[in-house]
Every structure is written in C-alpha cells, then in structure tokens.
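> Sequence:
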Amino acid sequence: MRVYIAIDFEENIKNYFDNITSHIKNHCSEGSFTEKYNFHMTIRFIGEADDLQIAKIKEVLDEVSLKINSFELSVNKLGIFKRKKTNILWAGVEENPIISELHKDITTLLKEYKLPFYDKVFMPHITLGRRVELMEHCTDLDNLIQFERINIPVKALSLMASKEIDGKLNGVPIYKVNFK
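179 is the number that the UniProt record's numbering gives to position 179 of the sequence shown; each next residue is one higher, with no gaps.
No wet-lab data here; the hints were simulated from the structure. Just so you know, not all the hints are guaranteed correct.
[Unchecked claim] Below 27 angstroms or equal to it, Euclidean Cα-Cα: the simulated DSS-like pairs (lysine-lysine) are:
1. K85 x K25
2. K180 x K14
3. K14 x K120
4. K176 x K104
5. K104 x K67
6. K82 x K36
7. K56 x K155
8. K163 x K36
[As the list claims (entries may be wrong)] Each pair of labels, with its calculated beta carbon distance range:
9. K111 x M135: 39 to 49 angstroms
10. V172 x L52: 18 to 28 angstroms
11. P97 x I150: 18 to 28 angstroms
12. E30 x E59: 39 to 49 angstroms
13. L52 x I150: 38 to 48 angstroms
14. D18 x V172: 13 to 23 angstroms
15. G47 x I165: 18 to 28 angstroms
Since the model is a prediction, treat every value here as computed from it, not as a measurement. Cβ coordinates follow ideal geometry from the N, Cα and C atoms, glycine included.
Can you build the whole structure from these sequences, using the hints too?
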C-alpha cells in the first residue's frame, strides 16, 4: 500500500482551497487540479509499505502525538514549483516552528524504527494542481488571484493511503491521532 503522513483538512478548509483553484483555472491553459476531497498537507511521504510497516508507522504517530499540542498554520502565498514536465501549483504556509518540529520528530522516529521513506527537503505546502500552465498574460499569482489569508487549525495527524477510486488516485485516511 502506498502511504504518507499528512494533515488532513476539515471540510471548510477544503472548500477554501477548492475556491482558490476554481478561480485559478480561469487563468490556465492547462492543468490537473486537486479535487476538493484530496486537499491535505503532506508531512512525510513514505511510499510502499506492508502491514508490518504500517503498524510501526501507527506507533510513530502515537508517539509523536503525545508531544504536540494543537496549533495553527497560516496560508500566506501561492506559487509554482517549475519542473521539466510538470509545474506544481501550491499554497504556501508561513514558517512555523511546530510544523518543523513535527516533521523532524517523525523523521527521527521513522529512522529509529528502520522504516524506509522518501527523503527530500521539507517545504510545507498544499498542492493545488499539477501540470499547470498559466496563460501568457498571467504571471503574478498573488496579484492575479486575490484570496483571503487564513489560519488552519491543526488538531490531528493522519496516515493516508493512496487508493484508486473511479480511475482517480485519492488520499484516504487509514489512521488518525489527535493532538493535545
């Protein structure tokens, strides 16, 4: 099973991001945009994991949840990661020491449990779309799309599985831990 650790958002936050992508679509010549039910923020991508590894990942989440209190993320900008074949449109969050500590603690515990994971630089963001091409006259996202900067309450952490449903890949929570 392909899994990752993420902050899964409440319905009102998913509506917020869906509204942003609806506006951005009008200024794009192409793109594959995140479906409303799939908005989340990945903390650590694991990849393929068997049942034993998933059980250990759940232990990691249980342990991490004891150290973290609920907190907020603040969405403050839009951007595009430029790639050769796919541009990733994202919403960025303000630097937050709690999210950095959470990422570090999860990484440390995954290593202690000898669990493999995809190791790359952590850049907290919410993916809004892939293969996004803005129209030529649309270059400055922050001025192009006016959106309300919001604070997102973070009360839990989820182990998510990528599952194909109706021909589309969906993130489905398979385990959740609540913060204090």
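> Which hint numbers doesn't this structure obey?
none
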